[in-house]
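Each protein sequence line maps, in turn, to chains X and A.
Throughout the first sequence, residue numbering follows my numbering, covering 296 to 583 in sequence.
Throughout the second sequence, residue numbering follows my numbering, covering 2 to 199 in sequence.
Hint data in this document are derived by calculation from the structure and do not stem from the laboratory.
Take the hints with a grain of salt, since some may be wrong.
[As the list claims (entries may be wrong)] So, partial list: chain X residues that the calculated Cβ filter (under 10 Å) puts toward chain A:
no. : residue
1   : SER321
2   : ASP360
3   : ARG364
4   : ASN374
5   : GLN377
6   : HIS408
7   : ALA572
It should be emphasised that the depicted structure is a prediction, and the values quoted were computed from it without experimental measurement.
Just so you know, even glycine gets a beta-carbon here, dropped at the ideal spot from N, CA and C.
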Amino acid sequence: MVVTARLFRSISALALIAGIVIGTASDRSPQRQPVRSGEYLILAGDFHVHAAPGDGSLTPGELRDEAVRAGIDVFAVTNHNQFLAPRLVAWLTSSADAPIVIPGEEITDRNYHLIAVGIHDVVRPGPPAARLAAEIHAQGGIAIAAHPGNAFAWQDDSALSAIDGTEVAHPEHEEKYRRQYLETFARARRVNPHIAPIGSSDVHNTPALGECRTLLFVRERSVSGVLDAIRAGRTVAENERGEFFGDPSLIERVRQMPPGGRTDPHPHWRRLSIALAWTGMAGLLLLA
Amino acid sequence: MVSIDVQLAFAPEATYRQLVAQNRPIRWWRALARPALALLLIAVVVPMMVTHEITAGLVLTSAAAWGFVVAIQLAIGAIFVAPAPASGVAFCRAMDLWFAGHMPYSLWILLLPFLSSSAVPPHDTIGVSILAPLVWTSVITGAFFRTVLGMDASTARRRAVFHLMIVVVIVSAVGLWAAGGIPATLGYVMRRWNTLWS
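This is chain X alone, in the form it adopts within the complex (with noise of 0.2 Å):
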């Protein structure tokens, strides 16, 4: 008995650590080059990823290997009314192939969500959505608004002449969201024409970063070319479709010249890694 018990540990052990050694070899993405169109490089951007410490998942260097995998060259962390997973993007080691990563936060009130990106402390929710970008303003960062359907009350004009950006490409089960996502951009186009159309995954602990992204026309491939690209509205959404929102001109662009998704170089070997994986753990928990 104590024998086929060690045999069943051993083995679910085995299958464990081959899972995860197949799995780190096979996870090699290639480099990838950002696409050139005229006197812009066009970035993959998502301005929405909840991190751990916080409500996400995983943490901020984490989100780093995984935007690499996803296709995505630039991503802002951006946790519900708290900077703590943002403060470590500063630790993160700077590569110059490495995706971007900006602080950001989720303002989150119960009449809107904000999103803040390119700041350096904590905003608090409470005043009205067009102080609180002010706010983000002064700091340097730039707001937009977040998966902002009709539960949200506060989308005067005054408020979305005030914000930089809107998420018109949003993951969303119900086709009503969407609907309600479009007409906010709208809307916001005819009082303030700069606005960057946003498209943001929102993820939390699922597989989806970059599963609706923003494409950017950016000058250099920094921080600052990042934010003066939404600043200038020069931006075009794409949901998980592959339908793109914004100006007709970038949106030829960007047909001309699509930035890649995501990669899967390997795809039997990462599935056969997660099943080898999987079945060890449980395994190790369940058997004698």
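Keeping the supplied structure of chain X fixed, place chain A upon it in accordance with the hints.
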């Protein structure tokens, strides 16, 4: 065929009696084996759920990021075990047996990749499904207090309810902090409620 922890999850009283009868003293590092397995489980399953990848780097960083969960569980266990009346079970062994009752949470964590891949929003699935290990573990902790710590039935029941309250308070506090505070959480719940009934 199945592990003693699985047997304990389905027959806590009888299995705890059998384990206590073995009267096997263990060293402190052996008492950390089950908490370490729980941490390994979290470190393997969480990145698997989020990235559909498993690498050594993901396992290590996830273990570092989520180690506080197991540390909190250890602290709660120690709070209940340390001041318990003499029961013939040494502290390290009692802590080991406390963590032997972790199976409901372990099963829930193991199934998270499947729970979060359903058509229902993962927040809802995870938020509702955690009730199962919460309630199931209360049954096991009641048996632990009676059988391992030698408490009478009513004291064991009160302790099990107190333990459940501590867990609920800690999970709620962490959840509220992560969700941005009480008004933000209430706003989310009301919007979800309206969506469900509209």
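Here is what the structure says about each hint:
no., hint, verdict
1, SER321, "holds (9 Å)"
2, ASP360, "holds (7 Å)"
3, ARG364, "holds (7 Å)"
4, ASN374, "holds (7 Å)"
5, GLN377, "holds (7 Å)"
6, HIS408, "holds (8 Å)"
7, ALA572, "holds (5 Å)"
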